[in-house]
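Listed in order, the protein sequences are those of chains A and B. FYI, in my numbering the residues of the first sequence are 260 to 620. FYI, in my numbering the residues of the second sequence are 82 to 758.
The set of hints was computed from the structure by calculation and includes no laboratory data. Computed from a predicted model, the values in this text were never measured in an experiment. Worth double-checking, as some hints may not be accurate.
As the list claims (entries may be wrong) - According to the in silico footprint, chain B covers these stretches of chain A (three or more CB under 8 Å from chain B):
| id | stretch |
| --- | --- |
| 1 | 519-528 |
| 2 | 608-617 |
Stated by the list, open to error - Some but not every residue of chain A turned toward chain B, in silico, with C-beta under 10 Å:
| id | residue |
| --- | --- |
| 3 | S512 |
| 4 | S513 |
| 5 | R516 |
| 6 | A532 |
| 7 | R536 |
| 8 | V538 |
| 9 | R540 |
Just so it is clear, CB atoms sit at the ideal spot from N, CA and C, and this is done for glycine as well.
Letter by letter, the chains look like this.
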Amino acid sequence: MSALTGGVGPAAATAGPAAAAALRRVTGVPLVRLLAKRLVAAAVIVVALATSVFVLQRLSPLDPAKAMLGPGASASAVAQQRAKLGLDDPFAAQLGRYLVGLPQGDLGMSYRTRRPVMTDLGAFVPATAELAFTAIVLALLLGIFFAVSTSLRWPGASVLRGVLMAGASAPAFLLGIGAILVFYKQLGWLPASGRSSITDLPGGPSGLLVLDGLLAGRFDVVSDALKHLVLPALAISFGPSVAIGRVLRTSLSSEERSDYARTARAKGLTDGAVLRRHVLRNAVGPALSMTGLQVGLMFAGVLVVEQIFAWPGIGQYTAQSIPVADFPAIAGVTLLLGIGYVVINTVVDILQGLADPRITT
Amino acid sequence: MSQDDTTAAVATAPPPTDAGEPVARVEDLHVTFRRAGADIRAIRGVSLEVAPGEIVGLVGESGSGKSVLGLSLLGLLGGSPRTSGRAVVRGADMLTAGAAERRDVRRLHLGAVFQDPMTSLNPTMRVGRQIVEAAGSEDEAVRLLKAVGVPDPARRLRAYPHELSGGLRQRVMIAMAVAGTPSLVIADEPTTALDVTVQAQVLGLVKRLRDEIGCAFLLVTHDLGVAAQVVDRVAVMYAGRITEVGPADEVLRNGAHPYGVALMRSRLSLRTDRDTPLLALPGSVPSPADPEPGCAFAPRCTLAGPDCTTTPPVPVEVAPGHLAACVRDLAEIRAFADAVPAEEPPAAGTSSGATAPAAAAVAGTDDGPVEEPAAVRVQNAYRTYGVGSGIGRRRPLQALRGVSLTVARGEAVAVVGESGSGKSTLLRLVAGLERADGGTIELGSAAGAQMVFQDSGASLTPWLTIGELVRERLRSAGVPRAERDRRVAEALELVGLPAEVAKARGTQLSGGQRQRVGLARATVVPPEILLCDEPTSALDVSLAASVINLVGRLRRELDMAVLFVTHDLSVARVVADRIAVMYLGRIVEIGTADEITHRPRHPYTQALVAAVPDLGVEPPPPSGEPASPLDPPPGCAFHPRCPRATASCSDPGLDPRLAAQPGERTRLTACINLEVS
Ligand SMILES: Nc1ncnc2c1ncn2[C@@H]1O[C@H](COP(=O)(O)OP(=O)(O)OP(=O)(O)O)[C@@H](O)[C@H]1O
Ligand code: SF4
Ligand code: SF4
Ligand SMILES: [Mg+2]
Numbered sequence: 260m261s262a263l264t265g266g267v268g269p270a271a272a273t274a275g276p277a278a279a280a281a282l283r284r285v286t287g288v289p290l291v292r293l294l295a296k297r298l299v300a301a302a303v304i305v306v307a308l309a310t311s312v313f314v315l316q317r318l319s320p321l322d323p324a325k326a327m328l329g330p331g332a333s334a335s336a337v338a339q340q341r342a343k344l345g346l347d348d349p350f351a352a353q354l355g356r357y358l359v360g361l362p363q364g365d366l367g368m369s370y371r372t373r374r375p376v377m378t379d380l381g382a383f384v385p386a387t388a389e390l391a392f393t394a395i396v397l398a399l400l401l402g403i404f405f406a407v408s409t410s411l412r413w414p415g416a417s418v419l420r421g422v423l424m425a426g427a428s429a430p431a432f433l434l435g436i437g438a439i440l441v442f443y444k445q446l447g448w449l450p451a452s453g454r455s456s457i458t459d460l461p462g463g464p465s466g467l468l469v470l471d472g473l474l475a476g477r478f479d480v481v482s483d484a485l486k487h488l489v490l491p492a493l494a495i496s497f498g499p500s501v502a503i504g505r506v507l508r509t510s511l512s513s514e515e516r517s518d519y520a521r522t523a524r525a526k527g528l529t530d531g532a533v534l535r536r537h538v539l540r541n542a543v544g545p546a547l548s549m550t551g552l553q554v555g556l557m558f559a560g561v562l563v564v565e566q567i568f569a570w571p572g573i574g575q576y577t578a579q580s581i582p583v584a585d586f587p588a589i590a591g592v593t594l595l596l597g598i599g600y601v602v603i604n605t606v607v608d609i610l611q612g613l614a615d616p617r618i619t620t
Numbered sequence: 082m083s084q085d086d087t088t089a090a091v092a093t094a095p096p097p098t099d100a101g102e103p104v105a106r107v108e109d110l111h112v113t114f115r116r117a118g119a120d121i122r123a124i125r126g127v128s129l130e131v132a133p134g135e136i137v138g139l140v141g142e143s144g145s146g147k148s149v150l151g152l153s154l155l156g157l158l159g160g161s162p163r164t165s166g167r168a169v170v171r172g173a174d175m176l177t178a179g180a181a182e183r184r185d186v187r188r189l190h191l192g193a194v195f196q197d198p199m200t201s202l203n204p205t206m207r208v209g210r211q212i213v214e215a216a217g218s219e220d221e222a223v224r225l226l227k228a229v230g231v232p233d234p235a236r237r238l239r240a241y242p243h244e245l246s247g248g249l250r251q252r253v254m255i256a257m258a259v260a261g262t263p264s265l266v267i268a269d270e271p272t273t274a275l276d277v278t279v280q281a282q283v284l285g286l287v288k289r290l291r292d293e294i295g296c297a298f299l300l301v302t303h304d305l306g307v308a309a310q311v312v313d314r315v316a317v318m319y320a321g322r323i324t325e326v327g328p329a330d331e332v333l334r335n336g337a338h339p340y341g342v343a344l345m346r347s348r349l350s351l352r353t354d355r356d357t358p359l360l361a362l363p364g365s366v367p368s369p370a371d372p373e374p375g376c377a378f379a380p381r382c383t384l385a386g387p388d389c390t391t392t393p394p395v396p397v398e399v400a401p402g403h404l405a406a407c408v409r410d411l412a413e414i415r416a417f418a419d420a421v422p423a424e425e426p427p428a429a430g431t432s433s434g435a436t437a438p439a440a441a442a443v444a445g446t447d448d449g450p451v452e453e454p455a456a457v458r459v460q461n462a463y464r465t466y467g468v469g470s471g472i473g474r475r476r477p478l479q480a481l482r483g484v485s486l487t488v489a490r491g492e493a494v495a496v497v498g499e500s501g502s503g504k505s506t507l508l509r510l511v512a513g514l515e516r517a518d519g520g521t522i523e524l525g526s527a528a529g530a531q532m533v534f535q536d537s538g539a540s541l542t543p544w545l546t547i548g549e550l551v552r553e554r555l556r557s558a559g560v561p562r563a564e565r566d567r568r569v570a571e572a573l574e575l576v577g578l579p580a581e582v583a584k585a586r587g588t589q590l591s592g593g594q595r596q597r598v599g600l601a602r603a604t605v606v607p608p609e610i611l612l613c614d615e616p617t618s619a620l621d622v623s624l625a626a627s628v629i630n631l632v633g634r635l636r637r638e639l640d641m642a643v644l645f646v647t648h649d650l651s652v653a654r655v656v657a658d659r660i661a662v663m664y665l666g667r668i669v670e671i672g673t674a675d676e677i678t679h680r681p682r683h684p685y686t687q688a689l690v691a692a693v694p695d696l697g698v699e700p701p702p703p704s705g706e707p708a709s710p711l712d713p714p715p716g717c718a719f720h721p722r723c724p725r726a727t728a729s730c731s732d733p734g735l736d737p738r739l740a741a742q743p744g745e746r747t748r749l750t751a752c753i754n755l756e757v758s
């Protein structure tokens, strides 16, 4: 009398287009939503950072006009210069002028180089971008290596864990100096300054030496650039890679004990297949989040490490701009890093969405 | 060797289907884990055989070792325990064989189905790929999905697990388990996470697969009703040993061991007497860290004597193929089984005068307010959530679609329905944890509502002692400091917890004790109405029975109303005066407990009642999947599954409202095609 008949599940409506939904998730509407959200975030960050730099300028005892003209300049010349730079205008007017210029790519003039900040950055960014990108990739690879090697049962695991802990607690500049002493001074394996020892570098198009070298078929340039990258990238990425590795190790070991891993073993899969096909994809989420978090730290590391390795990037540019109160240059670098942070975290979010179909951005 | 070995002979009796070599043979299995410096003796001498094509049920309270036995046969014991004995599957000892050999046995001869199909499937892999891993090819995967009754299988291959309903997910698990036609499938609580109508379908599927492909099943379940429906033979486990094994009918109807008898007695069914308290098994499962030297059941056994506590009893054959490990002779045990137990105060649903307020309250459910004071009055409540639908757009999910319900002072009302029907949402609205989007909710007095959750363990702050947790409520209720200690002690005593518990922390208590703490905390300042959200669903039969008895006693002594959410009709029947049946955000039928369980009138209520597994009940024919609250079908939301549906039932203009039949006062039904007898 009480048979329930017919009826297809609720999932009937959603299961089939799953593939399409997954595609859309990364290519369609939600991606557009994510990008729109991040664009707004970037705008907010830019305004906030620009405002902070302007407040700093206001509070700073340094007078850019005086710094430009040198110590011998007369008071009237300094006053004239201040007027020329618009430094006597009201705070809001200065900030407003700066913000209005931003959408057109106008970051103002550097007081020091007397060129548009945008042009200066264009010259310094490729070196930094190459170093930062290498460092992030290295941090991920090392993170995976640390996760796997400390979770395997072998005699060195606990020693390695100790070494990693100690290494991770050392600041990037200390690691950089240590690396120079060992690998350059003592062993002479690797260069310790600059990006390249080759004089006739290919002239473009990206400014990234490894990429340009590959495009131009100049493998001498590529290998030389890679050698130069190793030590600074290692110094920057070591701490973050340990953090990433620890998160990854924790999530790997909890996913290994999960119900679905047990199901996979019950099917008769080998441990390796269970790890590769089932566990890994479920475990990368937390590690990716940690990577996103570490990016801010790594940017700070880049600026310092560039000093130690005489890397001709924005770290150098910043270091030269600060003593002379070159606020437009400082503001430009700050905004650039802020935007870089948003961009990298957006990429992390997209990767997480790809790894886990349940995530809707 | 050790004394335990004397129990080794249990279950070597020939299975009914003597089709040659057993597919699996467990011989004197011992499994001991090491945890926090103590030996955890999970299995202490179990022997059991599974014949080809046989369905063997493994029943017993939680912690008795059922899952460890299943995992031993799969060769998947985690936590590197010490083992002795043998667990042989198709000639290979899954305890000692090499990794590669065990893998081969798993791949070729074994299948596994676990309790929670959501976590047991890989959430980031399409179900198609997961089935192909076991089945070998996509065509075979499609064939298997068809065989386990998944509609539109080719399309489902592309789905991720979270895109399927619970029932479909479990079918996918079963399809993987029977891929490659294994000799034996280990199914560990395969229906526990499912709704009762879906459970009936899955059990039917197990039986059908056995008949069609001839594979044997080891079906682990704590639900004796489930065992009664499908298994050929039952083994009852207690504290790491088998107490009794034999043909299902024999063991379940004519138990020959005091434990099996007590277990059967404490289970709830639609025939459980509502007028006497439930026969809770006293005490609890012994700690596996500190096992009894003799019969493990002795501390809880009515028939225990000095002869029970020295050596484990030897299993003896009491009937053909039916063995029991107890020192008493059969006549004595049968006499115990037939004895009427000592009188206790009546169970929950039977407070005196319960029907009078019930009748009054019913009159108020749909026909505007009544004069009687009510503990809570819900009128036309709506609740809609916005949910991400997987493609980023937020869709409205209608959890409640116009619910009216009045609970009279001191009355107990149970709300039953499948997962997603809106039961918990209704409770949260009454508790004031969420606001309704439409309609009104009035509480009768300032004493308000207090809530007890499904898993009280999770709701106990881990760093506070139980005393502090209970005292917290007193402080927020403004009870003077001087009185608080006394009130805490009283509250703990009332829920039957020893006073020392006040100094313990949540993690140190058992599930049943934690549930009691939840009740103590909710009632230390007696509320007008006690709200219970599935407080027994995570508990064993015996513990569940004692918690239900306790709710009834608290209700009487503190004169509270109770609103009790459960998916289990047999629980609803004993705790409540009235039962409200929900389907997709609506109450489709409401009436007295007996009306709903014995004379259901709405087609959905009838399906629910028929699906409750029990002895001597034929499993109902296959039924449809529950519909989604994301898009409730138009007209009567039940029409796609309704055997009595007519063309007008799917008319979008139709809106069946709760209505009483002429001459009836207590029952309201929302259906346009009632069979009025
Ligand atoms: N906070 C929330 N956000 C989104 N959806 C929710 C939320 N709470 C409940 N729901 C959904 O509302 C519907 C009804 O939920 P509710 O938990 O009340 O059902 P239930 O009948 O008690 O189910 P179960 O037996 O699984 O506990 C379900 O589909 C549920 O997924
Ligand atoms: S052996 Fe003794 S304690 Fe154990 S079940 Fe039998 S009578 Fe009870
Ligand atoms: S109204 Fe129609 S579909 Fe709904 S329960 Fe009644 S007969 Fe079935
Ligand atoms: Mg619920």
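Going through the hints against the structure:
no.: 1; hint: 519-528; verdict: holds (count 9)
no.: 2; hint: 608-617; verdict: holds (count 4)
no.: 3; hint: S512; verdict: violated, 12 Å
no.: 4; hint: S513; verdict: violated, 12 Å
no.: 5; hint: R516; verdict: holds, 7 Å
no.: 6; hint: A532; verdict: holds, 8 Å
no.: 7; hint: R536; verdict: holds, 7 Å
no.: 8; hint: V538; verdict: holds, 9 Å
no.: 9; hint: R540; verdict: holds, 5 Å
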